[in-house]
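Protein chains in written order, with my numbering: chain U, 1 to 213; chain G, 1 to 213; chain Z, 1 to 247.
To be clear, the hints were calculated from the coordinates, so they are not data collected in a lab. Treat the hints with care, since some could be wrong.
Straight-line alpha carbon distances no greater than 20 Å define the calculated SDA-like cross-link-like pairs of lysine to any residue that follow [said to hold, decoys possible]:
#1 U:Lys131 <-> U:Val151
#2 Z:Lys217 <-> Z:Val205
#3 U:Lys71 <-> Z:Arg127
#4 G:Lys46 <-> U:Arg9
#5 G:Lys71 <-> U:Arg30
#6 U:Lys71 <-> G:Ala29
#7 U:Lys71 <-> G:Gln6
Keep in mind that this is a model prediction, so the values were computed, not measured.
What follows is the residue order along each chain.
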Amino acid sequence: MSIDPQHLRMMEALLFAAAEPLDEASLIARLPEDIDVPATLEALRKAYRERGVNLVQVAGKWTLRTAPDLKFLLQKETQVTRRLSRAAVETLAITAYHQPVTRAEIEEIRGVGLSRGTLDLLLEIGWIRPKGRRRTPGRPVTYGTTDEFLVHFGFNAIDELPGLDELKASGLLQPRPPSSMIEEARVQAAREREDGDEPGGDAEITEFPRPVD
Amino acid sequence: MSIDPQHLRMMEALLFAAAEPLDEASLIARLPEDIDVPATLEALRKAYRERGVNLVQVAGKWTLRTAPDLKFLLQKETQVTRRLSRAAVETLAITAYHQPVTRAEIEEIRGVGLSRGTLDLLLEIGWIRPKGRRRTPGRPVTYGTTDEFLVHFGFNAIDELPGLDELKASGLLQPRPPSSMIEEARVQAAREREDGDEPGGDAEITEFPRPVD
Amino acid sequence: MVVDIDGYEGPLDLLLVLARSQKVDLTRISILQLAEQYLAFIAQARRLSIEVAADYLVMAAWLAYLKSRLLLPEVEDEDVPTGPELAAHLSFQLQRLRAMREAGVRIMDRDRLGRDVIQRGQPEGVRIIRNSIYEVSVFEFLRAYAGHRARAANEPLSIAARELYSVEQAHERLRRVLGDLPGWERLETFLPPEIKGSVLYRSAVSAMLGAGLEMAKEGQVELRQAQTFGPIYMRRKRPGQSTPDEV
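Just chain U, with the same shape it has in the complex (with noise of 0.2 Å):
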C-alpha cells in the first residue's frame, strides 16, 4: 500500500514541531481522520533511516533525532549560555552610562555594595575594562566599558545609548518628576568631574569662549 505523501508531509511537520515525543494516540488526535497512522509512521520511519535526522520510538512515543553517528558534530556544541545576574546586568548598565566610574561610585549610585565577583565577570566577558585612575585620593582605579560590548549591544559608539529623555519617551523609564532633573544635573556633574582623568579632557576648554581679537 502507497501513503499519500501529503500524510507524510502532515506527519513530518507535527513531528518536527513538537515540544516532546509524541504517542500514536496524540498523532491520531491532531492529523486528519483518513490518515493510516501506524502505516505512515512506519513509511516516515523508512524515509529518515538513512538520513541525518532519524525517526526513532523511545518510550513508545515518536521523535525525530540526530542520527547516532552524527553526534560528534552536536558534541562542540557543549558551551551553555548563561544569563547574566540582575545586579551584573545594572552594573554594567551604570557603567556604561556613567564611565570612567570607580567602584565605589558604582555602589553609591546602586546604593548598595557590589558583590566582589560582579565586576570580575564582567571584566572576565571582556564588557568593561579599567580606564585609568581618578585624581582623588587613593587614585581609584576607573572602569568603563569596552570594544566588545559595542559589538554584543550592535551599538557603534557609547554616544549611541539611548539617555534619560529616550528612555522615557520609549516608555522603558516611568517618570518620577520632581527628582529626575536633579538627578540628569548629578550624572552631568559626575562625568564632568572625570574630565581631569581623560586624555582628551583638554578639549572640553576649547568650548569656553574664545579671544576675539
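Starting from the structure of chain U, add chains G and Z where the hints point.
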C-alpha cells in the same frame, strides 16, 4: 556537480538540532573542511522544498520550519500570539520602512503623538532597537528593526518588505512630497478656483463617518 | 447622530476616513473639499458640545489656512509655501500614512514564526557561534538602567560635592602673579595652568572675576571689557592712573 550524501546528512543534522537560525560561518565552523557549504545548503533546500518541513533563509541565516501550507494543522499547537494595537502595528511598519527613524519622525508620519508604551512594547518583543543617533540638533536616537523581526516574519533581509519597491518609486518613503504631487495639486487648485462655486456647499456633513478598527 | 472623536487615531486618521467618502483614489482627492469636510466635522462636534482634542483643533486651523491659500491665486513668494504645495504635503501625508497602515497589515498577515510556521520543537542545541557565552539583550540592558533610574528617583536626593575653584583661591593667586604682568592681560591668563575640565575651568574664571572685582574695589587692579560677552582684561593699577572708564 553532485553533493556527497554524507555531507547532506551532516548539514541536515546540524540544522535539525539548531535552536535558532544558523549563519554560514557557524555551519562552516562545525562541518569538515571539505564541505562546500553553499552548494550543500542549496541541495538540501531543494530536497526539502516539497516536504512538511522546509529549509528557508531568514535574516541571512538558515533554518528549518514547518511548511506554511500546513499551518491549519499546527495552529492548535501554538501559543496565542499577542494582538498588537493598531498604533503598535503602524509604528512597527513605519520603523521597518523608514529606518533608521526617530520617535519624532514616527509621530510626524502618524500625525499623532506616540503613547507611552508603544515603542517600549516593540523594544521588549525585540522587533525594534535603537540604531544610532541622527546628526541633527538634539542628536535624537534612531530606531530600526532587528534580526528577530526578520526571523519572526520570515524575511531574509529588509529589502524583502512587502511593496517596498513601489513605495520607493512613489516617493512615499521620502520626507517631502515628490514634485509630481505638487504639480498635480497645482493643476487641481487652479481648476477648483475657476469652478468658482465654493465646493463647501456639498461638504455639509449629514452623516458622521465612523472610525475603522 | 453620534460623533465619536475618541475613536480616531489623530487628525490624519480622521482625514483618511473623511477622504473615503469622496470615492476617488486617494491620489486624486480634492484637498479643498477634504478641508471643508474636516472643518464641517469639527464645527458639528463643537455644536454638539463634544470636547475636541487640541490636535484636531490645530489641524482645523491649519486646514482653514490651507483653504484660504487654495482659493486665492498663487503669489510668487520664495519664503512662503504656495497653497498647492501645502495641499500636496497633506495629500502626501495621507498617502504615506495609508501606505504604512497597509504595510503593517501585510507584515502582520505573513506566516509568522510560532503561529503559522513552527521551528524545531525539541532543538538539541546547535546555536550560532557567538563571541560571548553570556546573553543579554539590548532591551534587558536598557531596562536595567531605566529600572535603576526609576528606583533612584525615589531615593532621598544627595547632591555630590563638586570640585570648584574658590574666590579665595583666585584672590590668593592674583596677589601672587599680578606683579609679574606689566600690561593688560586677559582674565584667563591669570588662571593656574593645571585647571582642566569645563566645570572647574568655568568656576575658576568666575572666581577670578569675583576676586578681580574685589581687588578693583580695593584699588589694586583695573578691569576692562570692550563689549558684552567679550574678553575681560585686567592689569595692576599703577599709582596716579585714572580709574578705568569701562568696567
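Which hints from the list above does the structure break, by number from lowest to highest? No hint contradicted; all consistent.
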